[in-house]
Structure formats: structure tokens, C-alpha cells
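Visitor: Chain by chain, the residues run as shown.
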Amino acid sequence: MKLRIWREALAQIHAHGEQAYPEEGAGFLLGMDGEEKTVTNVLALPNVREDGARHNRYLIAPEDYLQAELEAERLGLSLIGVFHSHPDHPNQPSEFDREWAQPHFSYVITSVEKGKARGSRSWLLKEDRSQFEEEKIEIL
Amino acid sequence: MPIVKIPAPLKFYVDNQNEFEIQGATVAELLENVAARYPSFKTHLFDSNGKLRRYFNVFVNGVHVRELKGVETPLQESDKVVLMASAAGG
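Here the protein sequences line up with chains Z and S, keeping their order.
Its first residue numbered 1, the first sequence is counted upward by one per residue in the numbering used here.
Its first residue numbered 1, the second sequence is counted upward by one per residue in the numbering used here.
Hints are not guaranteed to be accurate.
[To be verified] 27 Å max Cα-Cα, derived BS3-like pairs, lysine-lysine: (1) Z:K126 to S:K51; (2) S:K11 to Z:K2; (3) S:K42 to S:K11; (4) Z:K2 to Z:K116; (5) S:K5 to Z:K126; (6) Z:K126 to S:K11; (7) Z:K136 to S:K5; (8) S:K69 to S:K5; (9) Z:K114 to Z:K136; (10) S:K42 to Z:K126.
Note that these hints are calculated values from the structure, not bench results.
Using the sequences and the hints, build the whole thing.
Guide: Set out below in C-alpha cells:
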């Protein structure tokens, strides 16, 4: 399993994680679906979790989700996943991430330590929902 | 018969359909019928307690079911039920 991602898109993910710090930043991955998924665009969106929860939780508003679908359609792309940051925590999915994950979506998680993005990893929910499997990121 | 619309990333489970007609006198019954017709979708639709997974928002004719009667909201023949996923985590 592999997630190909344009360098500029990954840079935007890191920048958004740093801007959101010490809260979690999130958004959608747009690109081409198929045997090999390729992220060409990202759409950073507001984290609408309540005050006091945004340091370790994120939520994208349904209205923004809908707009993201329309934007992907406009660009001739698909929504292929979600990215979010883990402030001062490893870029591994939490139990909460697993509970809320959709199958077939790539989940790119960026660790942001003291305000600086330290790297991203991508995860895919197993079909039985028991855990995530890592998919290697290939930067284009 | 009511129509149910499925989130794009999940249409793989329902023969790649964006939406389809399916019977159900209530939202709960309609969802049970979806799971019965497409068994591989069931794990992603319901949790281990048989409740609709929390990452779904359900709308009937554009109104969120929490503003109606939840999954017990009755359905009419011409109703459109939209299953919308959430993007959330921690």
C-alpha cells in the first residue's frame, strides 16, 4: 500500500499543522483514486470542536465536508482522505481516530512538536475496523 | 419507496451506487434493510452494539434526524435519506 503525494501538498499539510498548533489542524486530501492513490491538492478546513477540546480532537463541519466534495468534483478529483495534526504527540492514530475512521480513506497524521511539523505518516483502516495499517508515503 | 444516498467513499459496499431505493417504515428499518442487502457494509454502518456508528449524520429530506425523531423518524414513500460521514478524530 502506498500513498503518493505531491511535495507542495505535503508542505501545505505541515504548514497547516504548524498554524493550528497547539490545537489540531485538519482538512481533506484531494486527488486520484485507484490502485495507487495520488494526492494532488489539500483543503485545510476549520477545526470546529468546542473550546478546550481542539488540542486533541478535530471535527470538520458537515457543511465544510459538503463543500469539499463539491470542490473535488469541480476539480475533477476525488476526496481520498483526511489529514490532521497531533500536537506534541506521535504521528500514529489514536483509538479515537480508529473509532471515527472511514474505510478506504487515507489518514495522514503529522506530528507537530513545539510548533514545528516533524513528519507525516499515512494510515488506512483495516476492513474489520480492528486497527490501522500504515501505507508508505511517496513524495512526488 | 424511500431513496438512500451513500457517502462516495463507501459506495464500494453498495455496488458502486451513489443512491438507491430501499424499503423502510423508519430510518432504523431502512438502515437495517441496507445492511441486509449489503452485508459487507454492516460492520461500517453499525457498531458492536448494533447502533449506527457515530461518524454518520443522517438527514431526511435535508433535515438532520436529531431534529426529528432520531432513527425512529418515520419515512414516507417519497423521502430521501442522506447518510453523510463525519471527518473527526483525535
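Visitor: Against each hint, give a clear statement of whether it holds in the structure.
Guide: Here is what the structure says about each hint:
no.: 1; hint: Z:K126 to S:K51; verdict: holds, 20 Å
no.: 2; hint: S:K11 to Z:K2; verdict: holds, 22 Å
no.: 3; hint: S:K42 to S:K11; verdict: holds, 13 Å
no.: 4; hint: Z:K2 to Z:K116; verdict: holds, 25 Å
no.: 5; hint: S:K5 to Z:K126; verdict: holds, 24 Å
no.: 6; hint: Z:K126 to S:K11; verdict: holds, 17 Å
no.: 7; hint: Z:K136 to S:K5; verdict: violated, 32 Å
no.: 8; hint: S:K69 to S:K5; verdict: holds, 19 Å
no.: 9; hint: Z:K114 to Z:K136; verdict: holds, 25 Å
no.: 10; hint: S:K42 to Z:K126; verdict: holds, 14 Å
The structure fails to meet hint 7 from the earlier list, while all remaining hints are met.
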